[in-house]
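Novice: Sequence:
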Amino acid sequence: MIKIEARDRDPEVAKLMAITLADEFVDERTAYYAQQDKQNRIEVKIVSRAIGADMYQPQPLLNAVAGTVLGLLFGIAVVLLLTWMESSYLRTPESVERSLAVPVLGAIPVAAGERGGAA
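Residue numbering for the sequence shown follows this note's numbering, beginning at 15 and increasing consecutively.
It is possible that part of the hints are untrue.
Claimed, not checked - Each computed DSSO-like pair below joins lysine-lysine, with the alpha-carbon atoms no more than 27 Å apart:
#1 Lys17 with Lys59
#2 Lys17 with Lys29
#3 Lys52 with Lys29
Stated by the list, open to error - Label-pair restraints from in silico Cβ distances:
#4 Ile18 with Leu87: 39 to 45 Å
#5 Met31 with Leu94: 49 to 55 Å
#6 Ser113 with Val83: 55 to 61 Å
#7 Tyr103 with Val79: 35 to 41 Å
#8 Pro123 with Val79: 47 to 53 Å
Keep in mind the hints are simulated off the structure, nothing from the lab.
In this text, a Cβ means the ideal position worked out from N, Cα and C, and glycines have one as well.
Sequences are here, hints too, so could you generate the full structure?
Specialist: Following this line, the structure appears as structure tokens:
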């Protein structure tokens with residue numbers, strides 16, 4: 015089965031193009047297969063005619079509103095995720111001892127210039 019799609023600014027022109035192409039293809043194949051042996055022939059026919067379709071109309075206002083809403087939701091989700099990660103992150107030896115219920119044997123000191131250290 016072959017599906018033919020045609021596009022044009024005018025839906026009626028696109029429909030006419032698809033119908034004409036299908037008719038020409040069937041006529042050409044029928045003439046070709048008429049010269050073949052009966053056992054080598056392939057039946058070519060149109061199963062369904064082209065149907066007109068409405069043209070797509072871009073909706074920039076709807077797209078802008080949808081993009082804004084989705085962007086805000088994504089931004090809020092990122093902020094909530096970062097806040098949750100910040101609050102559950104083990105930052106001090108005391109928080110490690112509280113969370114894991116084991117004593118801390120050592121800690122790596124913060125380098126100078128980081129987190130308010132002396133420059």
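Novice: Hints broken by the structure, by number, lowest first?
Specialist: Violated hints (numbers, rising): 3, 6; every other hint is consistent with the structure.
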